[in-house]
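Build the complex from these two chains, which are given one at a time in their own frames, with help from the hints.
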Amino acid sequence: MAANYSTSPQTMSSYSFLKTGFNLRTFLFGNRFNPGLIRQTISYGILITLTIMFLLPFYWMINTALKPSDQVFTAPPTWVPNPPMWKNFTDAITNSYVGNQDTGLNMLPIVRYALNTTIITINGVVATLFSSSLVAYAFARMRFPGKKILFLGILSTLMIPFAVVMVPQFIIWNKLGWLDTFLPLLIPHWFGSAYNIFLLRQFFMSIPMDYDESAIIDGATHWDIFWKIILPLSRPALAAVGVFAFVFFWNDFLGPLIILSTPKNFTLTMYLTNFTIPYMRQTPWNLYMAAALMITLPCMILFFFSQKIFMKGITIIDFKR
Amino acid sequence: MVKNSLLLKNRKESLRKLRMRETLTAFGFISPWLIGFLVFTGGPIIASLGLSFFSWKMLTPPKFIGLTNYINMFTTDQLFKTSIGVTATYVLIAVPIAQVIALGLAILLNQNIRLSSFWRTVFYVPAIISGVAGAVIWRWMYHNELGMINNLLSMVGIAGPHWLYDKQWALMALIIKSLWNVGVPMVIYLAGLQGLPKFLYEAAEIDGAGEFVKFKHITLPLLTPVIFFNVVMAIIGGIQTFSEPYVMTAGGPQNATLFLGLHLYQSAFSYMKMGYASAMAWIMFAFILGLTILQFKLANKWVYYENTES
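Protein chains in written order, with the numbering used here: chain A, 1 to 321; chain B, 1001 to 1310.
Derived coverage of chain B by chain A (criterion: at least 3 residues anywhere in the stretch with Cβ under 8 Å from a Cβ of chain A; other residues may be distant): (1) 1040-1049; (2) 1112-1126.
Partial chain B-side listing against chain A, Cβ under 8 Å, derived: (3) Pro1032; (4) Ile1129; (5) Asn1151; (6) Trp1282.
By construction, these hints were calculated from the structure, which means they are not laboratory data.
The C-beta atom is built at its ideal place from N, Cα and C for all residues, glycine as well.
Next up, chain B with everything else stripped away, as it sits in the complex (with noise of 0.2 Å):
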């Protein structure tokens, strides 16, 4: 008995040294991410917060001042509240434009039809040369006499505007050069169509349910995760918005589209304003937290999920 118990003890004693040995070498895999995080990340999150409360040009020692950073931002500078205009009027047309495309095409490419491996490399394609590459065609796609867009126009008898160079068409421009990354949520709305079960749809058919019934729902439904997951995504990025308007206008014309980001950079590294760059950055931050969060409160008024056990 007083054997067996011992062997018990030692068991125990066993089973709690492999668990820790476990915890260790899980926490060696981890290590990369931890440290990563606590240095590029973490780190610098607070510098960030910290500088923001300081003015700094780098070449002098920094000096406190305190919250006038976040005041003359909403006070004295005119261009942030430009910038803050820009990317909001960016945000809420071009992310529900281009969830309505990517969504309509994903459903057209899911139904049985042809060659639809091509159409898909169609429509991502544009998604490989994003950025810069990309926003080099089409400043020359946009250009006022020489461009593809107003020759185009004119065929048809419309004299285009000049695009890039106007400022009530300017911002116009970047969304619609926008669309033509569409193709990143729409293969993510591809794969989420791909997954949804078949038998809902038998089962409706059975009962006599016509293709806008079988939309309505089921498909729309049942893909309200993903459409969740792009529009954050779509928003998040949106927001961040920074290598279009730099190559394509740099800020012009006349602010029209400084959009946050880009605003931030000057004010960081043409400026050399740190302290006021890390105050705007964490209204940036601000701003996505602020949104992603009511997002996922508003999410539970029309996300469905079907099984929420994990």
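The shape of chain A in the complex, shown without the other chains (with noise of 0.2 Å):
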């Protein structure tokens, strides 16, 4: 009790003493000086210089995409292009060859690709949709066995790289004869997809179980609960997936590679990696950012519109299971 006594106002003087030293805080901020302010300045400094770092090359893709030719290959370099050359967007689609190669179309190359890539990609999103929901849902609410093991299985194939069953796969569509159609863009994704099945599964979990028994007594079949119940409560995720899938089919490159050959059947990610104007010597930098940016430019807008649904879609993804 009394070894208590007498410590106590010994931390006490210490704690004063400190009090009353220099105080590098009070020197720099005067006494007005706030933790809170600080943190938020640091935390705004690094987000603005990252966000300068993250926005600078389509700062580059505008930029180069309005410039005159002269422009594009004077160093140092425009900033700002002067005049700006909206002109270069009609360029890009009018000269939209591949090549020096005729392609034997009755509309401009670039129009052809994006009709192609449009087909692939609207086929995608409503073949993934509909085959992961499908499937997602007899694994989320639905009793066989198997199931575990079925469920595990369909995980670890997200494991597989496509280059193991790149080779096999070239060589059925090789001999069905389906090469340079595209016939292998647009089946294999009526079959699923394990990572979109995953995420649906996940999601339809969530919505609980007593819907279904309901409208089992009522006398409703899994297909009646699977469409008229489930799909419409699971719109957000769904547009997640859709969104996903949009994004995904857009931008695929390795498969349309190794099965389309001639120019007419190219996708926009083909396009742009053969970007070549004829009669041309140097890239024409300009137009190739003009043509890169109409090409990204849909994937942007969706991706602005559904942007709460897309993150929204993320959240879906539970860690612990």
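What follows is the structure, encoded as structure tokens:
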């Protein structure tokens, strides 16, 4: 008790000693020091710096896309295109030939590539949504033997690199005579994709089971429950998977690269990698960037409009299972 | 009594029928995946393994050569060794840096910060145009005299390297470009952070814990499953890197960016060495599988699972 009593004033005094000593904080910020303010300043500082760094490639793309040709090849570069050449965009469209090959098309090549890409993308989105949600439904809301093992099987396919199945698949398409057609880029997506099955199953499991039970008492089949209850309730998850799929198929490169070979069948990404303009020796970077900008625009617009849904979709992932 | 047991038997019978029907319906529902798995994944995997023991150039019939493909890979094919080195360097450098930046950004954005959805969009948008378009933009950014990076560097008096044409810098250039896509793990970290229970932080604050203590003892342990998920996915993706080197460097200069994925693609579709490419694909698969299993083993030591009842 006595010992206790004697230590306490001592700590008090040593504390007050510190108080009276030199204080860097008050020296720098006076008495109005606010630790939150410093932290905020640092946070915003980092965010603004990184934002500039992340946006620089976009700036460089837009800047170049609007430059007159003679300004593309001057060093140091012009940082603001003067005057902005909006014509570059129409030039990029009208000059969109792949190499010197005559594509034998009755439309501008880039329009054809855009159509090809759109067909592949829309099919991919619809196919992924339908097949993956169907499979996910069974894993989330039905009882059947082998369910656990089969689900593990689905998850483990996430590890299989495309390279392993790429060659045999190519041989199958070759045997079927489907090379250089869209079929290999359309059909396989109707059989569910592992990652999306996983995502949708997570979401379906969060819907209360009572709905199913009362529906079954009312004589509903599983198809009815799937189509009329689960899917309408899962709109946010489906939208998220749909947006993911859109971005994936729009940007897909290796798939089309292996299958498609004649220029008229090319997709936009293949067109971008083959970007040259006949009779021009140097890469016309301004038209190239104009084309790149136009090609990336659909994905960016879709993302801006579906941001909330997109982010919600990511939160579905449950890491604990 | 007899009637009763008959009823019970009937009921059991009908219950079994019901179960049977549910099982059949369930298999109907998962049949797309089952068929797809057999035709597009399971079958090709076995075919690929088989092919890896053959020499086959598509035009002539395949010839069985045993383990020769695998032996050649590790003895005579210098490019294979190079590609393994390039891929390993890329994964070892790019994955940790990307994860640290992604987690850092997620923590910044998870604070009470203004315009948080604006920042999030800025950091995520590059991921939307990943692949070919992004690679094309960066090829132009890295242009020796006309590109943005060297011109910015020259403003502060640094003579930038030739980036994609410099053996020493090409791989580094691809790694830097890959950090532009850090938004993907970032949003996943952000989702993980938003799911952390508030009461733990409140309790820690009552105990007088500072920011760093809270981060080290609450945020980090609870986030380990998310970190684990991101690291596993990043390594699986990193080993398969293809579009960026294909578009930006085509594997050059002097094979300095010849990724395993690119070497494999060229073996299969430029040189039509289908058997050899399949063998290489299996080595790639083995790397991914081995690393993933290793990570799951190590996970017991550092990944914290809150409740494991399900």
